[in-house]
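**Q** The listed protein sequences derive, respectively, from chains C and P. Mapping of the first sequence onto this note's numbering: position 84 corresponds to residue 84, and the numbering continues sequentially without gaps. Mapping of the second sequence onto this note's numbering: position 187 corresponds to residue 187, and the numbering continues sequentially without gaps.
In short, the hints are calculated from the structure, not lab data. Among the clues, some could well be false.
[Unchecked claim] Just the calculated beta-carbon pair ranges, DEER-fashion:
| id | chain 1 | residue 1 | chain 2 | residue 2 | range |
| --- | --- | --- | --- | --- | --- |
| 1 | P | Asp60 | C | Tyr11 | 33 to 39 Å |
| 2 | P | Leu279 | C | Gln89 | 35 to 41 Å |
| 3 | C | Val59 | P | Gly121 | 23 to 29 Å |
| 4 | C | Ile10 | P | Leu279 | 23 to 29 Å |
| 5 | P | Ser36 | C | Ile8 | 28 to 34 Å |
| 6 | P | Val303 | C | Gln89 | 40 to 46 Å |
| 7 | C | Gly4 | P | His172 | 36 to 42 Å |
| 8 | C | Gly4 | P | Asp385 | 45 to 51 Å |
[As the list claims (entries may be wrong)] Sample of chain P residues with no beta-carbon within 12 Å of chain C, all distances over it, derived:
| id | residue |
| --- | --- |
| 9 | Val187 |
| 10 | Glu197 |
| 11 | His427 |
[Claimed, not checked] Computed from the model, here is a short list of chain P residues facing chain C with C-beta under 10 Å:
| id | residue |
| --- | --- |
| 12 | Thr77 |
| 13 | Met84 |
| 14 | Trp111 |
| 15 | Val229 |
| 16 | Gly365 |
For glycine and all other residues, C-beta sits at the position ideal for the given N, C-alpha and C.
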Amino acid sequence: MTMGPLLIGIYVLVLASFVGFEVITKVPPTLHTPLMSGANAISGITIVGALYTAQTADVTTSNILGGLAILFATINVVGGFMVTNRMLQMFGKKK
Amino acid sequence: MSDAVNTVIVPLIFLASAILFILGLKRLGRVRTAASGNQMAAFAMLLAVVGTLLDIGIVDYRWIIGGMAVGGLIGATAAIKVEMTEMPEMVALFNGSGGAASAVVALAVVWLNVVEAGTTGTAAETLGGSQAITVGLSILIGALTLSGSLIAYLKLQGKLKRGQPILLPGRHVINLVLGAAMLYLIVAFAYQAEGAEATTMAIGLTGVALALGVLLVIPIGGADMPVVVSLLNSYSGMAASATGFVLSNNLLIISGALVGASGLILTQIMCVAMNRSLLNVLVGGFGEDSAAGGGGSDEYVNVTSCGAEECAMVLENAESVVVVPGYGLAVAQAQHAVREMADLLEARGCKVTYAIHPVAGRMPGHMNVLLAEADVPYEQLLEMDTVNPEFKTTDVSIVLGANDVVNPSALDDKASPIYGMPILNVHESRSVFVVKRSLSPGYAGIKNVLFENDNTTMIFGDAKKVLNDVVKELKEL
Numbered sequence: 001m002t003m004g005p006l007l008i009g010i011y012v013l014v015l016a017s018f019v020g021f022e023v024i025t026k027v028p029p030t031l032h033t034p035l036m037s038g039a040n041a042i043s044g045i046t047i048v049g050a051l052y053t054a055q056t057a058d059v060t061t062s063n064i065l066g067g068l069a070i071l072f073a074t075i076n077v078v079g080g081f082m083v084t085n086r087m088l089q090m091f092g093k094k095k
Numbered sequence: 001m002s003d004a005v006n007t008v009i010v011p012l013i014f015l016a017s018a019i020l021f022i023l024g025l026k027r028l029g030r031v032r033t034a035a036s037g038n039q040m041a042a043f044a045m046l047l048a049v050v051g052t053l054l055d056i057g058i059v060d061y062r063w064i065i066g067g068m069a070v071g072g073l074i075g076a077t078a079a080i081k082v083e084m085t086e087m088p089e090m091v092a093l094f095n096g097s098g099g100a101a102s103a104v105v106a107l108a109v110v111w112l113n114v115v116e117a118g119t120t121g122t123a124a125e126t127l128g129g130s131q132a133i134t135v136g137l138s139i140l141i142g143a144l145t146l147s148g149s150l151i152a153y154l155k156l157q158g159k160l161k162r163g164q165p166i167l168l169p170g171r172h173v174i175n176l177v178l179g180a181a182m183l184y185l186i187v188a189f190a191y192q193a194e195g196a197e198a199t200t201m202a203i204g205l206t207g208v209a210l211a212l213g214v215l216l217v218i219p220i221g222g223a224d225m226p227v228v229v230s231l232l233n234s235y236s237g238m239a240a241s242a243t244g245f246v247l248s249n250n251l252l253i254i255s256g257a258l259v260g261a262s263g264l265i266l267t268q269i270m271c272v273a274m275n276r277s278l279l280n281v282l283v284g285g286f287g288e289d290s291a292a293g294g295g296g297s298d299e300y301v302n303v304t305s306c307g308a309e310e311c312a313m314v315l316e317n318a319e320s321v322v323v324v325p326g327y328g329l330a331v332a333q334a335q336h337a338v339r340e341m342a343d344l345l346e347a348r349g350c351k352v353t354y355a356i357h358p359v360a361g362r363m364p365g366h367m368n369v370l371l372a373e374a375d376v377p378y379e380q381l382l383e384m385d386t387v388n389p390e391f392k393t394t395d396v397s398i399v400l401g402a403n404d405v406v407n408p409s410a411l412d413d414k415a416s417p418i419y420g421m422p423i424l425n426v427h428e429s430r431s432v433f434v435v436k437r438s439l440s441p442g443y444a445g446i447k448n449v450l451f452e453n454d455n456t457t458m459i460f461g462d463a464k465k466v467l468n469d470v471v472k473e474l475k476e477l
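My request is simple: use the sequences and hints to build the entire structure.
**A** Quick look at the structure:
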């Protein structure tokens, strides 16, 4: 059996979704907001896609779009992880 | 050499990154390991970026460095400056930013491979059929996430009709038309438009998706906004997955699927807490029925109110006190004042606990975050199912800026739009103090019969100011 890239992608998608369901089925309500925020930061993984799109110095539409995508994704990643960390630090400092 | 980098080393780095994302997400679900889980996920992201840069090899980094520097600065500043009360809004904005990134990446792919490459065939011929379709999906989900998140942000801020549902006439028809237009544009983009024509379709698709995001969120009332933010969070993951299909990148697919799945679960948990089905939230337009009145008049009669002094006198003799925090506590930044009052009461031998409704505040866990900021011990935060049987033996319940989650109409008034929603049974406790700025309705937009009960006393005012006054009185007693 040989699979094309699309089918491999679908396999990966389905299996990863199951992992996602299993990993967080039981979460105390305390952590819902930090978890949502942390998961949201992970969705900034689009930054990987964005990096592939702006590889030359030219001022072309695709580069401008690529640069914008990097900008948006970085906001999501940096802001997301930092804000999650801030929330979790508050839990940590209790005596 | 560089072959080995691209075909072996980079994929292995991506694998390590994916594993760390999974472990990080798992650790984020446990109180003790949450902080390290977040750091793990952040490190996984770093690995992903490093792996990608290795994969790209030596290129011109101007756009990359520019985008990352500006984006990092904006993200970091926002994360440091934001108040804890504004957290839900912040997550909504970051989420929108992630959605925007997915849509814009897909658009960049269109311009790079179709327009600037000067191809004449259809997108399906140039990119491959499944890629062309997923480019369309990526644009669609990304743009919808962006505009939906922005509307959710405005609703959380109370800027759009103070969070009330906005119901356009014929909105279901409009949505259907937009949905059909969307399907047509995706197919036309992939298989019909030739060469640069594809951009017209892509831009049209972006516009339609943005409009749909707005239309899907505006009819939903502020009370349901947490569900919406959670769902949009899930969407932004799916958008990242779609981008992964466009670029044949498994790391993107995996991480996106993880977020998509976790977002769905959180959404489901929240819906269960409110005893509503997801479909109901998305299609219903909460408050649509409540306009009809929901049983009984909206006017209040027999409301008693008092000041901080009387409240302190009752508290002084109480043996058990349950604090019910709500959004009013967050707005007033009263978490430290609550803690101070609780300390004083505990010093007098009174048992103080906090009753946390699953949807108190504007996000699940919102209240926990605030109270943790004031160093309130975990053990004192009780979940709804644990605390509800205890209200019967509770001397005093203090409701701080919560409203719908303590409305007994949810238990016995079948005509009420919130009928069936599990609530905190504060009305069963011996006496209830409700600290609130006025008698105005909560997010559900309905009257709260609790306020008229004989054992309920209102204390009108800002939660922080009232609590500070109570603390002052307690010290003087």
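**Q** Look at each hint and say if it fits the structure.
**A** Hints versus structure:
no.	hint	verdict
1	P:Asp60 with C:Tyr11: 33 to 39 Å	holds, 36 Å
2	P:Leu279 with C:Gln89: 35 to 41 Å	holds, 38 Å
3	C:Val59 with P:Gly121: 23 to 29 Å	holds, 27 Å
4	C:Ile10 with P:Leu279: 23 to 29 Å	holds, 26 Å
5	P:Ser36 with C:Ile8: 28 to 34 Å	holds, 32 Å
6	P:Val303 with C:Gln89: 40 to 46 Å	holds, 42 Å
7	C:Gly4 with P:His172: 36 to 42 Å	holds, 39 Å
8	C:Gly4 with P:Asp385: 45 to 51 Å	holds, 49 Å
9	Val187	holds, 17 Å
10	Glu197	holds, 15 Å
11	His427	holds, 23 Å
12	Thr77	holds, 8 Å
13	Met84	holds, 8 Å
14	Trp111	holds, 4 Å
15	Val229	holds, 7 Å
16	Gly365	holds, 4 Å
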